[in-house]
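Put together the whole structure using the sequences plus the hints.
There are 4 protein chains.
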Amino acid sequence: MNTENFLASERLVNAAYVRQGSQGRRAHELRLRALLEQGKCPEDGWDESTIELFLHELAIMDSNNFLGNCGVGEREGRVASGLVARRHYRLIHGIGRSGDISAVQPKAAGSSLLNKLTNSVALDIIKLAGVRTASSCFVVPMATGMSLTLCFLTLRHKRPKAKYIIWPRIDQKSCFKSMITAGFEPVVVENVLEGDELRTDLKAVEAKIQDLEADNILCVHSTTSCFAPRVPDRLEELAEICARYDIPHIVNNAYGVQSSKCMHLIQQGARRGRIDAFVQSLDKNFMVPVGGAIIAGFSDSFIQEISKMYPGRASASPSLDLLITLLTLGTKGYQQLLKERKEMFSYLSENVKKLAEAYNERLLETPHNPISLAMSLRELDKQSGTAVTQLGSMLFTRQVSGARVVPLGSQQTSSGEANMMCRDCWTLNSHQPQPA
Amino acid sequence: MNTENFLASERLVNAAYVRQGSQGRRAHELRLRALLEQGKCPEDGWDESTIELFLHELAIMDSNNFLGNCGVGEREGRVASGLVARRHYRLIHGIGRSGDISAVQPKAAGSSLLNKLTNSVALDIIKLAGVRTASSCFVVPMATGMSLTLCFLTLRHKRPKAKYIIWPRIDQKSCFKSMITAGFEPVVVENVLEGDELRTDLKAVEAKIQDLEADNILCVHSTTSCFAPRVPDRLEELAEICARYDIPHIVNNAYGVQSSKCMHLIQQGARRGRIDAFVQSLDKNFMVPVGGAIIAGFSDSFIQEISKMYPGRASASPSLDLLITLLTLGTKGYQQLLKERKEMFSYLSENVKKLAEAYNERLLETPHNPISLAMSLRELDKQSGTAVTQLGSMLFTRQVSGARVVPLGSQQTSSGEANMMCRDCWTLNSHQPQPA
Amino acid sequence: MNTENFLASERLVNAAYVRQGSQGRRAHELRLRALLEQGKCPEDGWDESTIELFLHELAIMDSNNFLGNCGVGEREGRVASGLVARRHYRLIHGIGRSGDISAVQPKAAGSSLLNKLTNSVALDIIKLAGVRTASSCFVVPMATGMSLTLCFLTLRHKRPKAKYIIWPRIDQKSCFKSMITAGFEPVVVENVLEGDELRTDLKAVEAKIQDLEADNILCVHSTTSCFAPRVPDRLEELAEICARYDIPHIVNNAYGVQSSKCMHLIQQGARRGRIDAFVQSLDKNFMVPVGGAIIAGFSDSFIQEISKMYPGRASASPSLDLLITLLTLGTKGYQQLLKERKEMFSYLSENVKKLAEAYNERLLETPHNPISLAMSLRELDKQSGTAVTQLGSMLFTRQVSGARVVPLGSQQTSSGEANMMCRDCWTLNSHQPQPA
Amino acid sequence: MNTENFLASERLVNAAYVRQGSQGRRAHELRLRALLEQGKCPEDGWDESTIELFLHELAIMDSNNFLGNCGVGEREGRVASGLVARRHYRLIHGIGRSGDISAVQPKAAGSSLLNKLTNSVALDIIKLAGVRTASSCFVVPMATGMSLTLCFLTLRHKRPKAKYIIWPRIDQKSCFKSMITAGFEPVVVENVLEGDELRTDLKAVEAKIQDLEADNILCVHSTTSCFAPRVPDRLEELAEICARYDIPHIVNNAYGVQSSKCMHLIQQGARRGRIDAFVQSLDKNFMVPVGGAIIAGFSDSFIQEISKMYPGRASASPSLDLLITLLTLGTKGYQQLLKERKEMFSYLSENVKKLAEAYNERLLETPHNPISLAMSLRELDKQSGTAVTQLGSMLFTRQVSGARVVPLGSQQTSSGEANMMCRDCWTLNSHQPQPA
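So the protein sequences, as listed, match chains A, Z, Y and E. Residue numbering for the first sequence follows full-length UniProt numbering, starting at 1 and increasing by one per position. Residue numbering for the second sequence follows full-length UniProt numbering, starting at 1 and increasing by one per position. Residue numbering for the third sequence follows full-length UniProt numbering, starting at 1 and increasing by one per position. Residue numbering for the fourth sequence follows full-length UniProt numbering, starting at 1 and increasing by one per position.
It is worth saying that the hints were derived from the structure and are not from the lab. Take these hints with a grain of salt, some might be off.
Copies of one chain are not kept apart here, so a pair can be met inside one copy or by any two copies together.
Straight-line alpha carbon distances no greater than 30 Å define the calculated DSSO-like cross-link-like pairs of lysine-lysine that follow [claimed, not checked]:
hint: 1; residue 1: Lys354; residue 2: Lys339
hint: 2; residue 1: Lys127; residue 2: Lys342
hint: 3; residue 1: Lys382; residue 2: Lys308
hint: 4; residue 1: Lys208; residue 2: Lys40
hint: 5; residue 1: Lys332; residue 2: Lys40
hint: 6; residue 1: Lys208; residue 2: Lys161
hint: 7; residue 1: Lys382; residue 2: Lys161
hint: 8; residue 1: Lys127; residue 2: Lys332
Take a look at the structure:
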């Protein structure tokens with residue numbers, strides 16, 4: 001309520017009480033102001049009542065919520081279902097304009113603020129998580145893979161001759177498809193085995209570049225977060241190679257924000273060499289529903305070029321989820337979750353090791369992978385041909401999800417989901433714990 | 001958002017758009033202001049977004065929603081469950097103080113505003129519905145019957161000798177019990193048959209008064225809304241008798257607000273004689289959940305005496321429901337519902353008449369009852385001893401609820417639910433239609 | 001979904017996945033079954049998704065949610081506002097019938113289940129909290145004071161000659177008013193000072209009984225929870241006196257469920273003497289919104305008599321809040337809160353003691369009061385006539401609520417809110433902590 | 001509740017009432033069954049209570065809502081914020097798998113059902129709206145423009161030599177950008193003026209094809225819905241040309257579902273020639289928040305190829321919104337909205353005509369455009385150089401949005417938003433009315 005309404009209230013209720021109520025309101029307003037002025041994630045999380053008030057305030061700034069609005073166009077934020085209107089807090093106009101997904105909409109000042117603030121708060125968190133020199137980012141309501149596709153499509157206009165993408169192998173279908181969909185030919189560089197770890201073959205990468213010639217190469221497409229025994233790519237050295245040959249470098253950091261090691265790799269890569277953009281999933285790093293990604297980088301103009309490639313306005317839903325979540329957690333809450341994940345990973349690691357030893361198997365040594373573990377299943381495989389697959393279905397019926405059991409010698413295409421290289425391992429990922 | 005926050009927003013989003021957003025907000029604020037200043041039901045209903053914004057604003061004026069509140073008492077508006085907090089819009093403190101259910105609470109300026117505004121808007125609607133000279137009312141989170149009890153308990157202090165309540169018979173258990181619970185002896189005055197109608201026996205009422213002596217009588221307890229063939233009491237004449245003998249007069253107007261005839265009777269009664277308070281159900285007149293009533297009257301001081309009798313703070317839930325509902329409907333919406341109910345009653349009346357004739361029965365002629373209809377079931381009863389009861393269960397399994405089938409000669413105690421007088425009639429009520 | 005719908009789903013989605021989904025559903029159903037069969041508070045709290053599913057299931061059992069329901073009566077659970085319908089989970093019919101607030105409604109099987117289960121779970125918690133032999137209870141949507149009034153009104157029918165209620169003094173307005181409203185004359189028995197504590201004067205009580213004669217006394221009205229330096233009444237001895245003189249005994253246990261000591265007193269009183277009913281506030285003991293109470297006792301028939309005194313159906317809102325809250329917490333969660341409150345009381349006690357000593361004041365020694373503390377303000381009072389009242393307003397502006405500052409010598413009527421006896425004390429209550 | 005739980009309920013509540021409650025539940029289940037078995041939009045809309053029950057049921061089939069689920073992977077549907085979880089009804093897993101956005105997810109049977117049903121119901125509505133032979137479609141959480149991009153990227157793999165897209169000019173930025181982003185060169189074919197209408201220049205199209213050669217052309221990209229005085233493309237003839245030259249044909253049907261004429265054009269085009277896919281916006285046709293589109297076509301295999309191009313899982317939010325909306329409206333409700341839009345268009349047309357005449361201007365005659373109107377502003381333009389732009393800002397401040405005022409002679413690039421061709425016209429669109 002504004003000042004006049006508080007005054008009007010004093011007619012009904014003791015002025016001293018109304019004044020205290022108005023001060024109560026002011027405390028919420030001050031939180032909003034800090035957010036609007038600094039564009040940063042608050043240190044302490046907001047309670048639901050402040051967040052809902054804020055979203056209400058944003059919503060009534062959008063033209064579809066104007067009393068007496070007369071919309072005669074085809075984009076007027078009409079909503080047929082009350083259920084739908086409510087679940088979006090009546091923020092209906094989406095984000096961006098046909099010209100730029102990060103742009104401001106004349107009809108929707110509230111949704112535009114939401115979009116700007118989300119991107120600003122997201123950048124703050126990315127810096128906090130370790131990529132301190134990141135200068136620009138935006139949330140896009142698409143999967144990590146499709147977001148990588150958008151990066152590749154943007155680069156096409158800068159490198160008209162390019163046909164190839166250099167890609168140190170990682171066995172996840174959507175990474176492979178992100179290049180195919182963009183219309184490029186992935187040049188797969190196999191990894192090398194160092195101890196138990198599968199690591200980037202830098203020499204092979206450089207050889208491929210020389211072989212194909214830089215102009216024909218769209219970019220190097222590297223990866224941080226991955227399943228053991230593969231470990232994050234040698235980002236620093238790849239970044240240096242890219243700088244040396246003047247080739248763009250796009251990093252798939254799908255679920256790497258949660259790990260300080262992955263973020264450190266990106267920071268170091270950008271310091272010592274070239275990284276054009278790095279892409280991270282919203283759901284895997286920020287515990288929101290599936291369907292969004294953050295495209296971030298170190299050059300404002302390049303990141304803006306990508307945001308200008310998206311044709312049309314886009315769903316505000318992932319941005320809304322991210323903003324609500326970060327305001328709820330605050331930087332303290334998010335850092336606490338990062339800390340708990342790390343502790344849980346150590347705990348998991350120790351106990352899988354004990355388990356492995358008890359069954360005469362072993363936990364592979366993959367110290368460079370801060371997220372995923374792999375355990376051998378050799379003895380089990382000796383018992384019978386089907387024991388390994390049975391283990392898989394036993395885990396399924398016991399509601400253990402996320403572990404992958406890969407039978408020995410199963411061959412899959414490079415776009416297959418299983419990691420051929422890890423063969424008889426039981427891969428475990430340690431992720432953010434569910435909050436109580 | 002306040003002015004400073006709108007200014008801060010202009011840093012992020014084009015100032016012209018923010019300004020339009022701020023004007024959008026202002027339109028909602030103006031609605032609130034009109035409500036706060038006039039305390040009347042708005043003519044046009046508010047949309048959900050204005051209502052929710054308003055409730056949010058009220059909530060953050062309550063101390064339990066202050067950021068950094070330090071509550072060390074036993075009444076601090078603590079809530080353990082988020083589900084519960086949300087469903088009450090975080091308005092937790094209830095209404096009233098131990099001294100007065102209509103009083104303002106120091107810890108809860110928002111809830112206090114809610115309480116004041118609800119009572120004020122309720123009074124506006126009661127006037128609009130026909131009792132134009134009503135001067136005071138309050139919502140109480142109790143059933144109509146219990147609210148009548150509270151009126152009787154208040155009168156006890158004014159009439160220490162009184163033991164009896166004069167009560168023209170109406171066969172609903174809770175009306176009878178409201179007097180018993182208050183500790184008084186109901187003096188039942190049987191109605192007289194005029195044509196098909198059962199009407200107040202004024203002579204018998206006056207005779208009872210003379211017989212028992214005014215001082216021994218707490219009040220006359222009359223009724224408007226009732227099941228045909230009983231019709232509303234002769235309120236004007238009863239009010240005149242009460243004035244003449246200086247006896248209080250409490251009217252049970254349970255579901256009478258919906259009918260202009262019932263409201264007119266109360267208005268006329270108060271003009272020509274004495275009515276101390278009239279009580280109406282919230283759910284039956286305003287389509288809210290069961291559990292509240294409005295106690296209204298023509299003397300501010302007497303209504304306040306009643307509100308001061310409630311020991312303790314009370315649930316705000318019925319007040320909240322009523323306020324939301326009246327703001328949603330607006331006076332136009334409420335009057336539209338009243339109109340539709342009337343039309344539906346005519347429609348029902350015509351068709352039950354046709355039905356009755358088709359089966360050689362008849363619709364009783366009860367023109368003074370604007371709400372309920374009765375139809376004979378004589379032929380059906382002749383067929384077999386159980387045909388009438390079977391009809392009842394047939395209606396039940398066909399999901400027709402609210403009709404009552406009363407077998408011939410069934411005798412019940414005066415606190416029984418069935419209307420002995422109507423015997424073999426099938427009673428139908430026509431009520432507000434469900435909104436689409 | 002039922003079995004047929006799961007089968008139909010297998011046409012669209014892999015049967016193995018559907019089957020796992022159906023097992024997921026079954027786990028929720030099993031929780032419901034345990035509740036329905038045992039009627040007890042679950043040990044582990046339910047998550048929101050199970051609770052909402054459960055409330056949905058209850059709602060669609062009520063006739064207002066039947067598809068194709070044809071309601072022609074005046075009580076059909078109509079709702080005009082979607083906001084209102086949703087906040088009550090579409091449970092509109094309230095609880096009870098005109099005959100009995102604990103009775104089952106034919107039109108509302110779901111609301112009736114809600115009512116029965118809430119009362120059953122509430123009884124379970126009361127036993128768990130220490131009154132193990134309690135046999136019956138029900139939730140009533142009225143303040144503690146009004147609930148006490150209902151108890152007194154019930155007793156009136158059993159003791160037609162009674163005019164007086166014996167009441168060991170407690171300075172809270174609504175306790176006093178509960179008797180006045182019921183139409184009885186409170187006979188105030190002053191407490192005696194034992195050390196710093198104000199305790200029941202048993203001799204004076206017995207003298208009053210002999211003086212007034214048992215038949216003229218409606219009941220003894222004792223209190224457990226209260227502000228220091230008053231301490232809970234000597235319940236055991238009072239109960240013995242009541243048994244000896246055959247006088248009913250009603251206990252005001254307003255915020256006593258949270259304290260094992262208060263509950264133990266009631267248990268012991270009932271074992272050794274006579275307690276007819278004890279009444280507790282919902283908001284103060286269970287952290288729900290203001291407006292409900294539990295009336296409990298040791299005789300099923302007497303508790304049922306009280307529930308039969310409420311004329312009309314009542315609001316289900318407080319019952320719904322209590323059920324949601326107890327299902328959310330589980331017995332473990334509730335016991336954890338009780339434990340934390342105790343610890344916080346010790347902490348508060350220690351620190352107020354230190355504070356008092358630092359300012360040359362003292363924390364009064366009131367070991368029998370497990371809930372409230374009192375500290376002297378003598379030195380402050382010596383400084384100036386207004387220093388003490390200033391302290392009060394300083395606490396108010398610092399958002400410390402619930403502490404009461406009572407200036408020396410302030411005289412108030414016995415229905416006044418301030419405790420005359422504690423004079424220059426700063427009363428602090430230690431209550432349940434707000435959950436994170 | 002399942003049968004066992006209903007039985008358990010009979011212990012607490014009269015069996016007859018429980019049985020009626022269980023039948024009430026059954027009616028909701030039957031609706032669900034019809035949907036699951038037929039996969040069609042119900043004729044009558046569902047009420048909110050059935051929809052919410054349905055979404056609850058879907059949610060508890062997803063592994064993130066299993067009680068005791070143990071997720072150790074990186075995609076486990078974790079949610080940090082309760083606000084976020086609730087607004088998505090706890091459906092967190094999104095839709096699709098990395099291999100295919102229409103595929104079923106093992107961890108999320110409920111979300112998978114949601115995805116399948118939404119696509120199935122959407123197809124039903126597209127047929128109903130006039131494209132009766134459409135055989136396949138899917139909802140994609142991307143803008144219409146980005147969805148067109150995905151279609152073009154899919155075609156690339158089938159036509160490796162192709163560089164050009166033939167595009168009858170339409171002045172909307174995102175249409176142009178959809179081709180640029182996909183990496184193709186738009187070949188703009190200017191329209192011809194027929195009376196007031198701007199229509200497809202078929203000869204120029206054919207000439208371009210012959211000129212560039214079919215193999216070098218990715219597809220013809222035509223448009224239905226557009227701003228007057230441009231009218232929908234001559235789809236039938238374009239489709240025939242495409243068939244003749246064996247060139248794919250993608251139709252931008254952005255806001256055409258609402259118009260039976262646009263849908264008829266697509267149906268006829270597919271009957272007489274070749275249409276590979278047609279793309280429509282969710283918000284503009286179905287009144288949901290911005291951010292989704294439906295890609296539909298006549299060949300299952302081609303539509304599936306497109307759905308397999310999306311790399312990664314995607315947001316379920318637009319699918320959820322569409323399903324809720326269509327279940328709420330039912331086919332009757334949707335057809336009613338279509339009818340009202342048509343009537344409103346006639347009304348608007350008549351009144352703009354009168355207005356134009358009153359000011360000595362004229363409404364352009366564009367009978368082939370069923371959605372948008374254009375009015376000349378010649379006289380206004382003569383008055384002063386700024387009068388026309390002032391009109392624009394007057395409309396803005398009067399909260400009339402969606403009308404575009406184009407000053408005479410304003411030249412914009414072909415990717416500009418204003419329609420150069422319509423020059424001095426005031427364009428008005430008539431869209432779906434807001435439901436009450």
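Structure-based check of all given hints:
1. Lys354 to Lys339: Answer is within; shortest intra-copy Cα gap is 23 Å, inter-copy 37 Å.
2. Lys127 to Lys342: within (19 Å within a copy, 43 Å between copies)
3. Lys382 to Lys308: neither (56 Å within a copy, 38 Å between copies)
4. Lys208 to Lys40: Answer is neither: 42 Å inside a copy and 53 Å across each miss the 30 Å cutoff.
5. Lys332 to Lys40: Result: close within a single copy only, 13 Å intra versus 39 Å inter.
6. Lys208 to Lys161: Classified as both: same-chain Cα gap 17 Å, cross-chain 25 Å, threshold 30 Å.
7. Lys382 to Lys161: Cα proximity of Lys382 and Lys161: none, with 52 Å in one copy and 52 Å across.
8. Lys127 to Lys332: within (14 Å within a copy, 41 Å between copies)
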